[in-house]
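S.K.: Model the full structure from these sequences, guided by the hints.
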Amino acid sequence: MAAVHSEAHGETHNPALLHHFATEEQQRDASSFGMWIFLATEVMFFGGLFCAYLIYRRWYFGDFAAASKSIDAFLGGTNTAVLICSSLTVVLAIWAAQTARRALMIIMLLLTMLFGLAFLGIKAVEYKQKFDEHHVPGASFSFEHESIPGHPDQYANPRHAQIFFALYFVMTGLHALHMIVGLGIFAWLLWMAWKGRFTPEYHTPLEIGGLYWHFVDIVWIYLFPLLYLIDRHP
Amino acid sequence: MSMATATAQPVERVNYLNKEYGVWSWLLTTDHKRIALLYLLSITFFFFIGGFFALMIRLELLTPAGDLVQADTYNKLFTMHGMVMIFFFLIPSIPAVLGNFLVPMMIGAKDLAFPRVNLLSWYLYIIGAIMMLHCMLTGGVDTGWTFYTPFSTAFTNTKIVEAGLAIFIAGFSSILTGLNFIVTIHRMRAPGMTWSRLPLFIWAHYATSIIQILGTPVVAITIVLVAVERTLHLGIFDPKLGGDPLLFQHLFWFYSHPAVYIMILPSMGIVSEIIACFARKRIFGYSFVAISSISIAVFGFLVWAHHMFVAGISVYAALVFSLLSYSVAVPSAVKVFNWTATLYKGSIRYDAPMLYAFGFLGLFTIGGLTGLFLACLGIDVHVTDTYFVVAHFHYIMVGGALMGYLGGMHFWWPKISGKLYPEGWARLAALIVFIGFNLTFFPQFILGYVGMPRRYYQYPQEFQVLNVLSTAGATVLGVGYLLPMIYFLWSMRYGKPAPDNPWNAAGLEWKTPSPPTTYNFEEEPVVTWEAYNYDEIDAAHKEEVPVAG
Amino acid sequence: MSAHSKSSPLTTYFAVWGALLVGTFLTYEAAKIDLGVFNAAVALTIATTKALLVALFFMHLKGASEKLLKLVVISTVFFLLILLALSMADYGTRLWS
Amino acid sequence: MFDNFPLWPDKASTAAGNVDALFIFLVIVSGMMTLLIFTAVVYFAARYRRQQGVQAEQIEGSIPLELTWSIIPLGVFMAIFFWGAVVYFKGRTPPRDSTEVYVVAKQWMWKLEHAEGQREINELHVPVGRDVKLIMTSQDVIHSFYVPAFRMKQDVLPGRYTVAWFRATKPGTYHLFCAEYCGTQHSGMIGSIVVQEPAQYEAWMSGGTTGPLSATGEKIFAELGCVTCHRSDTQGRGPNLQGVFGMPVQLEDGRMVTADENYLRESILDPGAKIVKGFKPVMPTFQGIVSEEQLNALVAYVKSLSKPGTPGPKTAEAAPSKAPAKGSQVE
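Going down the list, the protein sequences come from chains A, B, C and D.
The numbering of the first sequence is our numbering, which starts it at 1 and goes up by one.
The numbering of the second sequence is our numbering, which starts it at 1 and goes up by one.
The numbering of the third sequence is our numbering, which starts it at 1 and goes up by one.
The numbering of the fourth sequence is our numbering, which starts it at 1 and goes up by one.
Coverage of chain D stretches by chain B, computed from C-beta distances (three or more under 8 Å per stretch; other residues unrestricted): (1) 16-22; (2) 39-51; (3) 61-74; (4) 80-87; (5) 133-145; (6) 151-165; (7) 179-191.
Just so you know, these hints were derived from the structure itself, not from any lab.
Note that the Cβ used here is the ideal one computed from N, Cα and C, for glycine as well.
M.R.: Following this line, the structure appears as structure tokens:
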């Protein structure tokens with residue numbers, strides 16, 4: 001660990017300042033920049049999936065629309081709202097740290113995690129529905145006699161609908177995985193906040209964790225219309 | 001080797017190697033130099049595994065009939081050769097070993113921005129590596145390193161998922177290395193180390209990191225999709241279920257074409273350092289060489305489908321990708337011209353690193369120019385998926401990247417180990433590698449044009465002579481690669497202690513002791529000079545010590 | 001970074017939060033109207049606006065003193081678009097003869 | 001030539017000369033570039049080797065020089081690109097009225113069926129001087145149809161047709177390779193192309209056959225009951241297929257597509273994908289019901305319905321005299 005090395009320097013340091021940084025500012029800038037770079041990686045990671053989605057949506061638009069319509073958009077919309085609220089509590093937590101309101105910070109972190117858990121809960125309900133309807137790709141998949149929106153006399157091709165559901169589960173599944181990781185990060189942040197580690201001068205981990213959380217929110221902001229709202233007109 | 005300055009060294013100076021002892025001082029280190037050595041050990045191990053596979057391939061191809069191994073075994077051999085060499089040797093080779101060691105020193109930093117992330121990335125590499133080893137020992141994979149669907153998802157019964165996971169994990173190791181470099185280069189430069197004063201090695205690593213960060217995640221998600229498709233049969237890549245196998249190829253090459261630049265760009269950085277030092281000159285057209293690295297990284301993302309001209313993509317897409325492919329050729333050509341121009345009116349010495357750099361120049365030129373053939377639609381139809389392609393990318397990835405890596409290892413070995421290697425042996429090895437390489441791979445260009453497809457386990461009689469030549473070359477090449485390992489190991493024990501700056505080279509890394517101390521610099525350096533200020537170095541040197549014979 | 005720029009006042013945060021919720025509602029309702037090809041355009045425009053709001057205000061991209069972070073975001077989006085656009089160069093022209 | 005040490009592949013198609021000319025041009029251009037660089041490197045290395053008391057001369061660089069060696073190569077590259085594109089386009093565009101051969105690839109063999117009905121495995125007989133169009137598909141993984149002597153290669157994909165063509169110029173037997181790795185016996189998936197003089201070829205063709213592929217297709221068309229809906233008048237529940245092939249088709253959703261082989265194939269396997277304007281999506285899928293070979297026959301049959309209706313400039317050589325009239329049984 002870095003703390004072992006700090007005897008090499010005569011000066012007195014903030015214990016959070018690692019040995020190889022000259023100033024706290026340099027360290028904070030490096031950390032937040034690193035997180036942005038990491039998010040760039042994440043964008044491309046989801047980007048491959050968006051590429052697949054784009055191509056098949058063009059090919060099999062009607063089938064995708066039919067499959068999309070079978071998902072509960074109200075649950076999806078609610079989840080969007082839940083995530084937006086959690087993003088608000090994250091910025092409020094950071095604001096609380098900046099203005100030395102420790103209790104508020106802890107409450108906001110708790111709320112964030114609560115919203116995160118609510119999101120996963122609603123997601124689980126949605127998955128359960130799909131499972132019961134045999135819309136999970138695989139051996140028991142079935143999407144027979146589902147009309148294509150706007151073409152009541154034409155049924156969606158189940159094989160193409162299966163591709164939609166495959167993308168749906170991979171994309172939302174990866175997103176949910178990111179949420180779970182985010183919850184882990186926030187549990188740790190909460191613990192740090194509880195121990196009083198964050199001050200108006202030093203709360204970099206909170207900012208970095210927040211960046212990650214907001215990014216996961218942004219991914220969902222795109223997933224929601226792309227997966228749930230392809231074609232909803234009656 | 002004849003050293004210009006051989007200042008007396010105190011024998012037991014505290015340095016990064018002897019500061020602490022014991023296994024844990026290595027396995028838990030956050031010192032970028034120790035992590036570099038951990039990587040060096042691991043990738044060398046994989047180099048020889050991959051090399052063994054290569055040797056088996058060449059031995060099998062000695063005769064037209066399939067006689068040495070079974071067809072399945074042969075298919076696994078070339079698959080594992082590719083996977084090991086690409087994901088576990090070439091991609092981490094220069095960035096994770098020399099880059100790790102040198103990037104902080106060259107910009108005057110004490111360490112990378114995130115030392116613990118750096119260690120984590122080595123552990124990720126090791127986890128991926130162990131999985132890959134386990135996969136190889138328990139049956140291996142037979143799809144070719146390219147994992148083309150639907151063969152990989154619905155037909156082969158080998159260990160695709162495990163190999164994919166191994167590459168996925170190793171990929172994240174590569175992403176973290178790139179992330180660390182970018183942040184370090186932006187945030188950790190010493191006072192006065194402006195962008196225009198950065199060594200070209202740093203520019204090259206910066207460009208490499210861009211590709212690692214933006215390309216690797218795409219192949220990672222593609223591998224996830226292959227694994228999911230294979231286990232659950234979702235149809236994303238399976239034409240039987242409505243999917244498009246070409247989508248896999250698009251996503252795969254979106255990373256795997258730029259990945260070639262992950263291998264070659266750092267090597268170009270090394271060559272710039274070596275040529276400047278041994279010609280005692282500032283690199284001709286410094287800013288053009290620097291910018292060309294970035295343009296190769298950026299343009300590299302625009303050309304991927306030139307691997308798919310006969311795969312069934314639309315002819316219009318083929319036109320676009322062929323045209324864009326030439327955009328990478330221009331900055332590559334600019335680099336070669338600038339290196340050549342740097343030699344003009346230089347004061348050139350032929351020490352081992354310079355011989356490797358010359359070798360790089362020659363082989364990369366041939367490799368790059370044959371790339372024009374493959375970007376050219378009319379010719380690609382005939383030569384793609386033949387030995388012409390095999391020869392071309394080996395000229396780039398072995399002739400280019402590996403030559404540069406060896407040159408760099410020789411150049412910085414005194415700094416890394418604090419010992420001098422035997423110069424005569426090193427020059428001999430460079431010569432053997434160069435000759436062996438050309439003998440192995442040049443016949444393959446002809447083999448490709450006369451029509452021998454790649455990944456063939458048995459072949460028609462008429463291709464035999466060229467194959468025998470290639471196999472003969474491979475044995476020479478094998479000797480060439482064994483030599484440096486032997487004398488580097490030898491020098492660690494018996495080599496003469498190295499002075500701090502054996503080559504009188506420019507660059508902050510040479511201002512540290514050999515081997516460096518844990519924090520590299522006694523105090524933070526302040527840079528007031530341009531990169532490659534060899535005129536100032538040589539002028540100062542002349543005043544102090546007359547040129548030693 | 002953000003700590004040095006004046007921290008965003010709470011009113012901004014709540015305004016952005018409100019705008020995001022309204023955006024969610026709008027995109028949900030817009031999907032029920034038949035706009036033909038424009039359905040996707042509307043959905044993506046709203047999503048991008050929302051994403052920008054989150055990035056600029058919640059992630060403090062707007063207050064970032066440096067251009068560097070903006071450069072990271074722009075170039076990432078650029079490479080993502082390259083992936084999508086050049087793939088479409090194939091898929092969009094396959095049926096041309 | 002050396003039998004065991006070939007330096008140049010056989011040249012047996014019209015494309016081979018074009019590709020070779022371009023290749024030779026590229027070899028010369030890159031050879032000159034290589035020579036230039038090697039000479040410069042070797043000369044500088046020798047001329048400016050380190051000497052006592054001689055210091056290197058620092059040269060910062062030169063923008064005119066940088067521009068020169070960026071723009072000139074770029075110009076050369078563009079020339080290569082255009083030439084390559086022309087050769088590629090020629091190789092991708094089968095002439096009209098080519099003789100057609102349906103290719104089905106599977107692990108690890110080539111199944112070839114002439115439009116006239118002859119079937120071959122791992123061997124393809126073609127006459128000298130006639131355009132041959134290959135309509136290819138795979139039953140399993142991706143393969144690649146590669147004939148080095150023709151400088152021709154095209155991947156063969158499952159689930160769709162890819163097309164290639166050639167015109168042989170020299171009688172002989174040439175290698176057919178699978179060039180896309182396809183599993184254990186990939187290197188065993190080889191065959192030969194037998195190019196014959198027209199007379200010999202006609203003799204070979206007159207060997208036993210079950211009749212032209214389109215006739216087989218017509219039989220299947222009747223057996224599967226396609227005729228009940230796809231009638232030759234405008235009263236059917238499905239579109240009249242007379243003269244459809246090669247024509248633009250207006251779809252229900254407003255799109256226009258060309259009725260090529262892939263369109264016919266998709267319409268049989270996934271009828272709902274492209275509904276013709278004015279028709280209802282009532283056709284059942286034949287996915288899993290027809291084999292690749294039967295599918296080829298059906299496609300050949302539908303194509304044959306367009307043959308008499310497309311008067312085009314046919315040369316006597318290109319249009320085989322035995323081209324089946326609609327529905328007629330030859331031999």
